[in-house]
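Enquirer: Sequence:
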Amino acid sequence: VGGMINFEGKGFQIDYGIPVEKGNYSQYRYLPFVNGGAMLVDRKIFLGAGGFDEDFFAYYEDVDFGWRLWVLGYKVVFAPESVVYHHHHGTSKIFSEDKLRFLKERNSLYSVFKNYDDKNLAKVFSGTLANIFNRIFVDFKFDYKSYYDLSTDSSKDAETGDQKISKEPLSSLMAARNFFDDLPKLIEKRERIQSRRKRDDKALFTYFKGQFLAVSPDRQYQKNQIDMLKSLGIYKVFEKEIKRTLLIISSEVISKEMAGPAIRVWNFAKVLAEHMNVILAAPNK
1 VGGMINFEGK
11 GFQIDYGIPV
21 EKGNYSQYRY
31 LPFVNGGAML
41 VDRKIFLGAG
51 GFDEDFFAYY
61 EDVDFGWRLW
71 VLGYKVVFAP
81 ESVVYHHHHG
91 TSKIFSEDKL
101 RFLKERNSLY
111 SVFKNYDDKN
121 LAKVFSGTLA
131 NIFNRIFVDF
141 KFDYKSYYDL
151 STDSSKDAET
161 GDQKISKEPL
171 SSLMAARNFF
181 DDLPKLIEKR
191 ERIQSRRKRD
201 DKALFTYFKG
211 QFLAVSPDRQ
221 YQKNQIDMLK
231 SLGIYKVFEK
241 EIKRTLLIIS
251 SEVISKEMAG
261 PAIRVWNFAK
271 VLAEHMNVIL
281 AAPNK
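Using the UniProt record's numbering, you'd call the opening residue of the sequence shown number 1 and step up by one each time.
Read the hints as simulated data drawn from the structure, not as lab findings. It is possible that some hints are incorrect.
[Said to hold, decoys possible] Straight-line alpha carbon distances no greater than 35 Å define the calculated DSBU-like cross-link-like pairs of lysine-lysine that follow:
1. LYS270 <-> LYS189
2. LYS119 <-> LYS202
3. LYS209 <-> LYS198
4. LYS75 <-> LYS185
5. LYS270 <-> LYS230
6. LYS104 <-> LYS167
7. LYS236 <-> LYS223
8. LYS223 <-> LYS104
9. LYS189 <-> LYS202
10. LYS236 <-> LYS145
11. LYS141 <-> LYS198
12. LYS99 <-> LYS123
13. LYS123 <-> LYS236
14. LYS93 <-> LYS223
15. LYS75 <-> LYS44
16. LYS99 <-> LYS141
17. LYS185 <-> LYS198
18. LYS119 <-> LYS240
19. LYS236 <-> LYS198
20. LYS22 <-> LYS75
21. LYS270 <-> LYS209
22. LYS123 <-> LYS223
23. LYS236 <-> LYS209
[Claimed, not checked] DEER-style ranges, computed between Cβ atoms:
24. SER216 <-> GLU274: 50 to 56 Å
25. ARG219 <-> ASN284: 33 to 39 Å
26. MET276 <-> LYS167: 45 to 51 Å
27. ASP143 <-> TYR30: 44 to 50 Å
28. LYS256 <-> VAL83: 22 to 28 Å
29. GLU188 <-> ILE249: 45 to 51 Å
30. GLU188 <-> SER126: 20 to 26 Å
The structure displayed is predicted, hence computed values, not measured ones. Glycine included, C-beta positions come from ideal geometry on N, C-alpha and C.
Assemble the whole structure, with the sequences as input and the hints as a guide.
Expert: Printed below as a string of structure tokens:
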């Protein structure tokens, strides 16, 4: 419950571990995605939308699928009356942290490349790739300034730290390598998704939260991320526009069973509601 997606395709389940009685779980609400182990979706829609991307193997395949559903015109909804039993981390506990990090880094790159619209892809993808290197530098403690200071001969004796990159930062680097190896296949996937796009990113972001969440608590990392988001204009990508209010007056009764004209008015209001505040006035009792 409570899924969020940040700008680089990382998924967060912010309500994980919160007791049911302490949370607000009584209302239906839209979510960008739901946990793949706690979801129900019509089989035709699942297969028609492409299902889980098999190249992910694990991690963020549910984020990618939920995101794709929104792009294709569907909606993802939290059902408060549902009860799900799920063995959390039942598979992932058998893998080392560096291999899990590889999957998370690579799969979020896949999602970003496939799902952003043409207007935003270049900006956000470049920021996503830059942030991978930002994370590598958090874990790779190497004094490059001293080592590459060619003004003196101090590089021979400088204490620069370990020059060998460890498995965890290496996994981020190899995730980027894997992305470029798979680029021809990813281009085909992106073309299939974008050719069927029903929502632009502005409409889609209405339902997203947590776009700027940082995945590392390191202060320098967070500063670098903020500077990068500003310089690339990524903050502006997610700026919420002031919505106008539209009043639609219908002579048709709106109910569970409607005639053709009422259905058209209802669908018209639903589409416009993604771009403005819509009030539908109908002669219902």
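Enquirer: Hint by hint, say whether it matches the structure.
Expert: Evaluated hints:
1. Restraint check for LYS270 and LYS189: satisfied, since their Cα atoms lie roughly 29 Å apart, inside the 35 Å limit.
2. Restraint check: the Cα-Cα separation between LYS119 and LYS202 comes to about 10 Å, which is no more than 35 Å; the hinted pair holds.
3. Straight-line distance between C-alpha atoms of LYS209 and LYS198 comes to about 20 Å, which keeps the hinted pair within the 35 Å bound.
4. At most 35 Å may separate the alpha-carbon atoms for a hinted pair to count; LYS75 and LYS185 meet this at roughly 27 Å.
5. As the CA atoms of LYS270 and LYS230 are separated by approximately 34 Å, the hinted pair is consistent with the 35 Å bound.
6. Restraint check for LYS104 and LYS167: the C-alpha separation of about 14 Å stays at or below 35 Å, so the hint holds.
7. Only pairs whose Cα atoms come within 35 Å are accepted, and LYS236 paired with LYS223 is accepted, the gap being roughly 18 Å.
8. A distance of roughly 22 Å separates the Cα atoms of LYS223 and LYS104; the hinted pair therefore holds under the 35 Å criterion.
9. In summary, the hint linking LYS189 to LYS202 is supported, as the alpha carbons are separated by about 22 Å, within the 35 Å threshold.
10. For the hint pairing LYS236 with LYS145, the CA-to-CA distance comes to about 33 Å; that is within 35 Å, so the pair holds.
11. Restraint check for LYS141 and LYS198: the C-alpha separation of about 45 Å exceeds 35 Å, so the hint is violated.
12. Between LYS99 and LYS123 the alpha-carbon distance is near 28 Å, which keeps this suggested pair within the 35 Å criterion.
13. For the hint linking LYS123 to LYS236, the alpha-carbon distance of about 10 Å falls within 35 Å, and the restraint holds.
14. Note on LYS93 and LYS223: the hinted pairing holds, with a Cα-Cα distance of about 32 Å set against a maximum of 35 Å.
15. Between LYS75 and LYS44 the CA atoms are separated by roughly 15 Å; this keeps the pair inside 35 Å, and the hint holds.
16. As the CA atoms of LYS99 and LYS141 are separated by approximately 20 Å, the hinted pair is consistent with the 35 Å bound.
17. As the CA atoms of LYS185 and LYS198 are separated by approximately 23 Å, the hinted pair is consistent with the 35 Å bound.
18. For the hint linking LYS119 to LYS240, the alpha-carbon distance of about 16 Å falls within 35 Å, and the restraint holds.
19. At roughly 22 Å between alpha-carbon atoms, LYS236 and LYS198 fall within 35 Å of each other, so this suggested pair holds.
20. Restraint check for LYS22 and LYS75: satisfied, since their Cα atoms lie roughly 26 Å apart, inside the 35 Å limit.
21. With a CA separation close to 21 Å, the supplied pair LYS270 and LYS209 stays within the 35 Å bound.
22. About 19 Å separates the Cα atoms of LYS123 and LYS223, which keeps this hinted pair within 35 Å; it holds.
23. Simply put, LYS236 and LYS209 have alpha-carbon atoms about 15 Å apart, close enough for the 35 Å limit, and the pair holds.
24. In this structure, SER216 and GLU274 break the distance hint of 50 to 56 Å, their C-beta atoms being roughly 33 Å apart.
25. Separated by about 56 Å at the C-beta atoms, ARG219 and ASN284 break the suggested range of 33 to 39 Å.
26. In this structure the supplied range 45 to 51 Å holds for MET276 paired with LYS167, their Cβ-Cβ distance being about 50 Å.
27. Distance hint check for ASP143 and TYR30: the Cβ-Cβ separation is about 48 Å, which falls inside the suggested range of 44 to 50 Å.
28. Distance hint for LYS256 and VAL83: a CB-CB separation of about 26 Å, consistent with the stated range 22 to 28 Å.
29. Against the hinted window of 45 to 51 Å, the Cβ-Cβ separation of GLU188 and ILE249 comes to about 46 Å, which satisfies the hint.
30. The beta-carbon spacing between GLU188 and SER126, approximately 22 Å, falls within the hinted interval of 20 to 26 Å.
Checked against the numbered hints above, the structure violates hints 11, 24, 25; every other hint is satisfied.
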